[in-house]
Amino acid sequence: MSRGALFGALGALAVMAFAASLALGPVHVGLGDILAALSGGGREEVRLIVFEIRLPRALLALAIGAALGISGAALQGYLRNPLAEPGVIGVSAAGALGAVVVFYFGLTQLFPLALPLGGLAGAAIGVWLVHLLAGRGGSTATLILAGVAVNALAGALTALALSLAPSPFATLEIIHWMLGGLTDRSMAHVWLALPFIVAGCLILATLGRGLDALTLGEDAAASLGVDLPMLRLRVILGTALAVGAGTAVAGAIGFVGLVVPHLLRGAVRHRPGALLVASALGGAALTLVADIAARLILTDREINLGVLTAIIGAPFFLALVLQARRSEP
Amino acid sequence: MSRLAADNVRVALGARIAVDGVSAAIEAGDFVGLIGPNGAGKTTLLRALAGLVAPAAGAITLDGRPLAAIGRDERARRIGYLPQDGTIHWALPVTEVVLMGRLPHLGAWQRAADNDRAIAARAMAALDIADLAARPATRLSGGEKARVLLARALAGEPQILLADEPVAGLDPYHRLEVMEHLAGLAAAGVGVVVVLHDLALAARFCRRLVLLDRGRVAAQGAPAEVLTPERLASVYRIEAVRGRHEEADYVLPWRRVPPSR
Numbered sequence: 001m002s003r004g005a006l007f008g009a010l011g012a013l014a015v016m017a018f019a020a021s022l023a024l025g026p027v028h029v030g031l032g033d034i035l036a037a038l039s040g041g042g043r044e045e046v047r048l049i050v051f052e053i054r055l056p057r058a059l060l061a062l063a064i065g066a067a068l069g070i071s072g073a074a075l076q077g078y079l080r081n082p083l084a085e086p087g088v089i090g091v092s093a094a095g096a097l098g099a100v101v102v103f104y105f106g107l108t109q110l111f112p113l114a115l116p117l118g119g120l121a122g123a124a125i126g127v128w129l130v131h132l133l134a135g136r137g138g139s140t141a142t143l144i145l146a147g148v149a150v151n152a153l154a155g156a157l158t159a160l161a162l163s164l165a166p167s168p169f170a171t172l173e174i175i176h177w178m179l180g181g182l183t184d185r186s187m188a189h190v191w192l193a194l195p196f197i198v199a200g201c202l203i204l205a206t207l208g209r210g211l212d213a214l215t216l217g218e219d220a221a222a223s224l225g226v227d228l229p230m231l232r233l234r235v236i237l238g239t240a241l242a243v244g245a246g247t248a249v250a251g252a253i254g255f256v257g258l259v260v261p262h263l264l265r266g267a268v269r270h271r272p273g274a275l276l277v278a279s280a281l282g283g284a285a286l287t288l289v290a291d292i293a294a295r296l297i298l299t300d301r302e303i304n305l306g307v308l309t310a311i312i313g314a315p316f317f318l319a320l321v322l323q324a325r326r327s328e329p
Numbered sequence: 001m002s003r004l005a006a007d008n009v010r011v012a013l014g015a016r017i018a019v020d021g022v023s024a025a026i027e028a029g030d031f032v033g034l035i036g037p038n039g040a041g042k043t044t045l046l047r048a049l050a051g052l053v054a055p056a057a058g059a060i061t062l063d064g065r066p067l068a069a070i071g072r073d074e075r076a077r078r079i080g081y082l083p084q085d086g087t088i089h090w091a092l093p094v095t096e097v098v099l100m101g102r103l104p105h106l107g108a109w110q111r112a113a114d115n116d117r118a119i120a121a122r123a124m125a126a127l128d129i130a131d132l133a134a135r136p137a138t139r140l141s142g143g144e145k146a147r148v149l150l151a152r153a154l155a156g157e158p159q160i161l162l163a164d165e166p167v168a169g170l171d172p173y174h175r176l177e178v179m180e181h182l183a184g185l186a187a188a189g190v191g192v193v194v195v196l197h198d199l200a201l202a203a204r205f206c207r208r209l210v211l212l213d214r215g216r217v218a219a220q221g222a223p224a225e226v227l228t229p230e231r232l233a234s235v236y237r238i239e240a241v242r243g244r245h246e247e248a249d250y251v252l253p254w255r256r257v258p259p260s261r
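If you read the protein sequences in the order shown, they are chains A and B.
Under the numbering used here, the first residue of the first sequence is numbered 1, with each subsequent residue one higher.
Under the numbering used here, the first residue of the second sequence is numbered 1, with each subsequent residue one higher.
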């Protein structure tokens, strides 16, 4: 399949999943009614459902899925490791810590957007720390070490906050948030996260050439004209913006960033550069579908999106590993 | 005519001075062997010549301009670099690997055009790997991989090619094959520097040798002038069998020189 055909197919898949996300829910609303509401007409209660509930949710699933997919592809390409995912540089853990701190001090009662803002601040601080720890050179190994350090620190502090939480209710609320989900997100969340996610995805989408060259190793890439320290900075910055903002509004959603690049790698003939946009489209489609499933599987309540992606993702990943083992000699 | 020159270059790797006071130059059409025992600074000097590590003192110049002042794209177009133990990390088709040699010639948003594909195809044909075009690069034998990576470097059409142990791990047939290709490149006007451990190949193919010992140039010149019994004993700590065959000198390492008391 040519690159254009693949992108077209994945894009169509994402658009269909987006439409399904708007159409499906506990209350039945026809596609015609939804289109009418989107164009400004229609009945009041349909408009309410579309704009207050389903549109923000679908937009966030689309954007966050794209962010996870493209940053997973970027990090796998940059680190030349198929096990890398957005979490390895500590963005998700630091973002989660920022949100937990907000919970812990009860700032959510002051104003509701304190939570995503805390997540954004946490992600920004975590990434700044990773960048500082990783040092000046362009080496990939130091970046992994710095990511491990920041992950460990953020995890420990999150555990500390949980163990010292003022009430069982607060603990429960923190855990629920950490499981990741898109329930009850509003357009305010969309406007808060979307600019960062778009900026991050655009930065990552420009890295194809450098990631392609890195296939031959760091020295060969540098000799081909790639500015390695700048490439690393762009990987970190793009991931921080895209995934940090996503984590801030939706909690940690695992496995999408790991699995999607794996699924699509063969389709782009293993070129790390071409995998970027493909993974963004694939990640968006997968996350939209997973979010629809999270709404519909149980009739009386929702499953957390992060839990669902992990439940589907883990066995799926196992299958990929087994398949890879069979095909490699 | 391009000329890549190191003038009194010192390179520090952390606290260790790996290359100290080295002056050497390579011109179009030259075929220079960079030799010396393990840890003599061959790879470090080659990386400095490629602009991958900045010298702590001295200057590296390309046609008289300091290498650091030349933009990375121009440098990449003019100087090709083939690292030691080249790994190919993803299972890309071989064609795509060879096409990467064209990256410095493409604009930021430009994709490989027909012309680039033709150049890559010529490089693959020259190294007799056209039939590997669709093979995943992770499934190549050592000899095939060495030729693929060399084809990648050739596809960049560099004026100077710096190759770090391109024959390491190859059988005699493929060693000779790679050396013949490099000699052919030099004959076609490319300046070629090749790091070698195989003194027989160095003496047989290179027009000039630069012998490094503990970061310094112990000798440079024609192979026969450089590979004297005294230098082999003092720098390599070996004795060699030497002779002449088909109007070329050969050197065959024979025994270690016992450590002096």
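Just so you know, these hints were derived from the structure itself, not from any lab.
As the structure is a prediction and not an experimental result, all values here were calculated from the model.
Idealized CB from N, CA, C, for every residue including glycine.
Some hints could be false.
The calculated label-pair distances, taken between Cβ atoms and stated as ranges, are [what the hints assert, rightly or not]:
(1) B:LEU106 - A:ALA199: 19 to 27 Å
(2) B:GLY21 - A:LEU237: 35 to 43 Å
(3) A:LEU83 - B:ASN115: 46 to 54 Å
(4) A:LEU153 - B:GLY142: 50 to 58 Å
(5) A:LEU83 - B:GLY184: 50 to 58 Å
(6) A:LEU233 - B:GLY21: 53 to 61 Å
(7) A:MET16 - B:ARG122: 39 to 47 Å
Do the hints match the structure? See the list:
Judged by the Cβ atoms, the range 19 to 27 Å given for LEU106 of chain B and ALA199 of chain A holds: they are separated by roughly 26 Å. For the pair GLY21 of chain B and LEU237 of chain A, the beta carbons lie near 41 Å from each other, so the given range of 35 to 43 Å is met. In this structure, LEU83 of chain A and ASN115 of chain B break the distance hint of 46 to 54 Å, their C-beta atoms being roughly 38 Å apart. The beta-carbon spacing between LEU153 of chain A and GLY142 of chain B, approximately 43 Å, falls outside the hinted interval of 50 to 58 Å.
The hinted window of 50 to 58 Å between LEU83 of chain A and GLY184 of chain B is violated, with their beta carbons roughly 42 Å apart. Checked against the given bound of 53 to 61 Å, the beta carbons of LEU233 of chain A and GLY21 of chain B, roughly 35 Å apart, lie outside it. Our hint of 39 to 47 Å for MET16 of chain A and ARG122 of chain B holds, since their Cβ atoms are close to 45 Å apart.
The structure fails to meet hints 3, 4, 5 and 6 from the earlier list, while all remaining hints are met.
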